[in-house]
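A.B. asks: Now for the letters of each chain:
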Amino acid sequence: MKLRKVVLAVAVVAAAASSALSTSALAQAKEQFIPVLSYRTGPYAPNGTPWANGYVDYIKLINARGGINGVKLAWEECETGYDTARSVECYERLKSRGASLVQPLSTGATFAITEKAPGDKIPVVTIGYGRSESADGTVFKWNFPIAGTYWVAADAILQAVAKKEGGLDKLKGKKIALVYHDSPYGKEPIPLLQERAKMHGFDLQLLPVAAPGVEQKATWLQVRQSRPDYVFLWGWGVMNSTALKEAQATGYSREKMYGVWWAGAEPDVKDVGDGAKGYNAVTMQHGAEPQSKVVKDILEQVHAKGQGTGPKDEVGQVLYMRGAMSAMLGIEGIRAAQDRYGKGKVMTGEQVRYGLENLNLTQPKLDALGFAGVMRPISTSCVDHMGAAWARIHTWDGKQWKFSSDWLQADEQVIKPLVRSTAAKYAGEKKITPRAGEDCQS
Amino acid sequence: MLYRENGQFKTSYRADQQIFPIVQDRWAMLAILLIGFVLVPAFASDYMFRAILVPFLIMAMAAVGVNILVGYCGQISLGSGAFMAVGAYGAFNFFARIPGLPLIPALILGGLCATVFGILFGLPSLRVRGLYLAVATLAAQFFADWMFLRIKWFTMDTPSGSVSVSNLQVLGWPIESATSKYLFCLALLVLVALAAKNLVRSAIGREWMAIRDMDVAAAVIGIRPMYAKLSAFAVSSFIIGVAGALWAFVYLGAWEPAAFSVEMSFRLLFMVIIGGLGSIMGSFFGAAFIVVLPIFLNQFLPWAAGLVGFVISTAGVSHAEQMIFGALIVWFLIVEPHGLAKLWSTGKQKLRLWPFPH
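Order-wise, the sequence lines are chains B and C. Heads up: the first sequence runs through residues 1 to 442, numbered per the UniProt record's numbering. Heads up: the second sequence runs through residues 1 to 358, numbered per the UniProt record's numbering.
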């Protein structure tokens, strides 16, 4: 009698537990998990925080809109502090929860995760950063530097400068100094600039600044001595405002300074205020867009409900927009994957990779998403994982960023061969056979 | 009670000189090895391996190396990160430039590069000591940072200065899966720890300790300070170099000089101080404390806060993690300035007398 009771109790408990397990599994099955690697602490926090706010807010907006064809998004943030080893830990932690794509948000972490992604079958999405040669999808099957790389940035800046001078041929004999963060991030544009220097005969001066970039006295002494015609600033975080202050102290004209897109947001210039007036920065497609529809949607559907991630007045600023746009491109990749593998289903990393590779964001689609005027259409392919190479220059007028140029397109004639040769070198080192046509269909 | 040695008689020098003279310790060690090699691979998750166990093992190896130099020989060094970097880039250059070079010889060659570098930057130790030497070894750190950022030859002229390795294998056994990485690191660590333990018990280890305790007295009794100090630098930087190569090859896969910044040197020094200076086992405790505790706090805090219905932001967790971590370091050093290893041996001593303390 006693034994029967025990058996019965065990059976009931087991049944309850298994049903609880299966329902929770079902509940999970309807959610698409996205890891969020962010840095809200450490030397780069002032720039990392708005990006993460935009990224998370956009995910919340998609959920408020009902998810991707009904599939809600789940996410979890992991703090990296811009440290590569910690980023790898975060990646491994969130990977085990079923990550469908990852955006590392640091060049160092991108390099490390690039080596792991093919084995884990998780796409590495790097919107506007990462390794430039990974635009070649035949070698870098899992990397997606969608919307632009540092080579695009460098090329766009050069074109803007050339326009100011009156043509690329006028660059001959000019002196251009690259003040860069001494890390893979800062070194990325050098091959392209060297290539261009050879083509047009300008003199390229390389001035590294040790991380994190607060010590720049020696660098700007060199600038004062050699008096370059233009200074390109490849900084991040505290390095940018320091550079602007040093330029002010040196008396170098801010109008002749061009920053990369990570050196052209509000936190970089706010502390310098009027001293940064006239400073230019390239921006990958978007700039500060407080008037765009997506910002209004976020304010209405997320912030108005008290679910906003950061301060309300930062919504629509440059880095915030970059976070939102990064999230949007990843999510559209998932949507594209659903178009092929079944709407309303949760996609695996491999399926999302297909979606990212067949992204076709036309103008009507962008308008519907609320990105009208923020960016131009983008379409990726098996070979081209970048999709578009458009950029604009914006200028700080002392109070806000304003566009000061038309759309600029990086010269494919220069970038493509460079991408191909660098990617081929990587493929040779890693013994990767470039993907053939049939692999592109998968 | 647990550690009662009654009846354990040593009748030969061999028995008296064992690493673990007490039977219980030997069994415990066997059990730990068994758990490490058999049980853990069977049960740990992918995340456990890749993000916690592998970095812990590699850092423990580096801490053993630092402990030989700082703990046993008393030469305070802030250049450990540089030795790791030299090991990593040395191994990388051999691995990438010599086609078909197997992994283990590449690691050893990387370690030898670090040895040469270590001896070179150990030379100031013949003239200066203590804090002055710490500052002198800091030069090694800055020199390595500069060298691997600037001299393109070391990074095979990659445009970004970031290098990577792949297709790792040992005797046809690919080091790709989480388990294989773990077992490979564990096997190397066991070898290194055993060698280090025996080394510090040998004549040369006693010379190091004599130098540490009072170098003038050591010189008077016939120990050559130059030989003792430089050999400590050599052995320690070899081990640190191999650990650096493992950190780069096995853990990161692709790395830049920032992976071995001065912060790494500090972390390594903290590991041996918190773990216990002059104790091989302390290196393990220290590595666990520095590597695992922040990650544990980072995951435990949101969960603990969730229990009481509290939601902390990511930045909040990160700040809380750093504060608690810092407070714990201070607390540990006040409670037990000789490190976790001393705490452990005190506990062991208490167990010997338990339940009748006097």
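Incorrect hints may have been included.
[Unchecked claim] Straight line, CA to CA, 35 Å or less: simulated DSBU-like cross-link-like pairs of lysine-lysine:
1) 10(C) - 172(B)
2) 121(B) - 10(C)
3) 121(B) - 172(B)
4) 256(B) - 10(C)
5) 198(B) - 402(B)
6) 72(B) - 305(B)
7) 197(C) - 170(B)
Derived from the structure by calculation, the hints contain no laboratory data.
A.B. asks: State for each hint whether it applies.
C.D. replies: Tested hints:
Note on residue 10(C) and residue 172(B): the hinted pairing is violated, with a Cα-Cα distance of about 86 Å set against a maximum of 35 Å. Under the criterion of a C-alpha separation no larger than 35 Å, the hint pairing residue 121(B) with residue 10(C) is inconsistent with the structure, at around 58 Å. Taken as a hint, the residue 121(B) and residue 172(B) pair is broken in the structure, with Cα atoms around 47 Å apart against an allowance of 35 Å. Restraint check for residue 256(B) and residue 10(C): not satisfied, since their Cα atoms lie roughly 82 Å apart, outside the 35 Å limit.
With a CA separation close to 32 Å, the supplied pair residue 198(B) and residue 402(B) stays within the 35 Å bound. Proximity of residue 72(B) to residue 305(B) is assessed by CA-CA distance (about 18 Å); at most 35 Å being required, the pair is judged to hold. For the hint linking residue 197(C) to residue 170(B), the alpha-carbon distance of about 69 Å lies beyond 35 Å, and the restraint is violated.
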